[in-house]
Amino acid sequence: MSEPLLVVEDLVKDFPVKRGAVFGREIGTVRAVDGVSFDVRPGETLGIVGESGCGKSTLARCIMRLLDVESGRIEFEGRDITHLSRREMRDVRSDLMMVFQDPYESLNPHMRVGDIIAEPLENFKRRPEGGIRHRVEELLDRVGLRPEHHDRYPHEFSGGQRQRIGIARALALEPKLIVCDEPVTALDVSVQAQILNLLSDLQGEFGLTYIFIAHDLDVVRHVSDRICVMYLGQITERGRCEDVYRHPRHPYSASLMAAVPIADPKLARARKPIVLEGEIPSPLDRPGACRFHPRCPRAAEICGAEDPPARQFEPEHEARCYFPVERWPLGDPSELGSRKDPDPAVRSA
Amino acid sequence: MTVLDVRELRTTFQTREGAACAVDGVSFTLERGRVLGLVGESGSGKSVTSLSLMRLLPRGVRVEGQALLNGVDLVTAADAELRRLRGGEIAMIFQDPTTSLNPVYTVGWQLEEMIRLHNDIPRAQVRERARDMLGAVGIAQPATRLDDYPHQFSGGMRQRVMIAMALANNPSVLIADEPTTALDVTTQAQILVLLRRLRAEFDSAIMLITHDLGVVAEICDDVAVMYGGRIVERAPVDEIFESPRHPYTWGLLDSMPSRATSGRLRSIPGTPPSLTELPGGCRFHPRCPVAMDKCRTEPPALRPEGDDGGHLDACHLPAERKRAHGQGLASAPAVSR
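Chains as they are written, first to last, in the working numbering: chain V, 1 to 349; chain C, 350 to 686.
Simulated from the structure, these hints should not be mistaken for lab results.
Zero decoy hints are in this set.
Derived lysine to aspartate or glutamate pairs resembling EDC-like cross-links, with alpha carbons at most 20 Å apart: (1) V/K176 x V/E3; (2) V/K266 x C/E588; (3) V/K272 x C/D587; (4) V/K266 x C/D570.
Beyond 12 Å from chain V on every Cβ pair, some chain C residues (computed): (5) G374; (6) L400; (7) T425; (8) G436; (9) R465; (10) L651; (11) P667; (12) A673.
Ideal placement from N, C-alpha and C gives every residue a C-beta, glycine not left out.
Sequences and hints are given; from them, build the entire structure.
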């Protein structure tokens, strides 16, 4: 197995919570990322999936060093980049790029498309063979736009085309890793498919590595080799994509998968829905121990008392749960609420 | 039983680039106790259709055609009549539950206003009805929650409040415009279960506007696929998924990652057209993989194939071609979950 390109170890990120409009007094902190560890191997796509507020976008910004972290380590190609200064980060920046969710907000409306794509080249004083304009036109062509788009402004483009511009900009410096934060969420279905195809073509062509962050489970399944499921700042389950989708072990991943609408009316009618109670709690009053226990249909006393350890299933497939889901799909939704393992707290008593 | 009969609805905006026909001759009916899914991408005219029916478009936008709601034509109804109908006979749920509730009034006040405006009943009864409605949409302790403000509710709970308001006067027609798009997937599942239950309880006709074919499969009985302001295909939900006939419907289904059989998605080339520069003939022809000469000039009519009156499509392709493709899709295994 090759050396990982990126290693993240026990990453923690807090945000201050302030009260008062003018002299905001700090009244506490919100832990957005809470001890996250994973690695990314060259050439693979690591999917990170979770609902709003789970900390997946904050995690992306920490990896990109757009946010400073409280503790933990980020290692890129064996080099610890967690505390590099802005100047030191410059060496790494060109290998580490990001594609943002909103193609309307992430492109400067006052700049021509060609200048947007050329900006990283200028910033890093690259002198590509044939000149910058030639390189930009080559990039435009590569992402499915035309050379004459060089002198147009972002507002002249549709959402899908803007996302192509964002991708061309990310490619300009030939990075090794691209962090894609909800890259197709704002797009129509048919355009979403084009962008997913483009990302996969580029990966094959340039040997790119992706961290692909999204809330859409079908999209993540389609693009990822391995996935991490996040809930309230923690990774609750991880594994090879097919292993996790074939048999989710954590009750949260299981209910998440059961909640995704099936695009087949007959199957959808036949399926008995598993509906989770309540909603994701605010990170301000995060439950202790297992973060999911107040909503979990199979929670026992111990789930609210002690952090569940990671349990291993298939190679690389692990879930942090005392009572992992025994079989999948469930014969009946109520099965999720009935666990076979005795409560370890009761057993030891 | 038909409660809303829409015929040749046409909505035209005046823009600096000329007239833009956002809805171009759309006809359908809504039946009691059934859910019609109106599906399409941005700019297909699905939201403008609902706003035209609710007459919520600014002055200066021309709406033509007919929309008969229990005998009253919504297109020509006077303002006073509309005020009676809206929130009474026909109600609407919007996509974003955060912006559609007034932040400075309690949820109870807003819900009671809805009931008061349409019923001449004593205050105590209004309050009681509001409480029952909150309970019906699955909000715990409805009596105390009535005094809370919208910001004290989560996104999913706010959408429940919106649904309670819409159903407060037991409308014949409920229009839900992307009701779950802004919600997380587990919350979306809760709202879909709720809508399914309420459809049975209240027996309203529901028009569900969405871009998500998964949501359509979960809850709709019938589907109308819109493109460029027109309905291109209309059929019972099973037919749309098992034997789609219009190349645009094929493309939409093929674009879904959950239905992909191999690594690449068969996407639709190009982007949806802008309303000010709609192509002539069939609106879809510039993106259509099987377009013929005829498609560039002659707009196809929405019509049944043979004697199957329940399944209509607007495409010039010969019937065998449409069938052949449809069956090819149906044989592709759906992803099991």
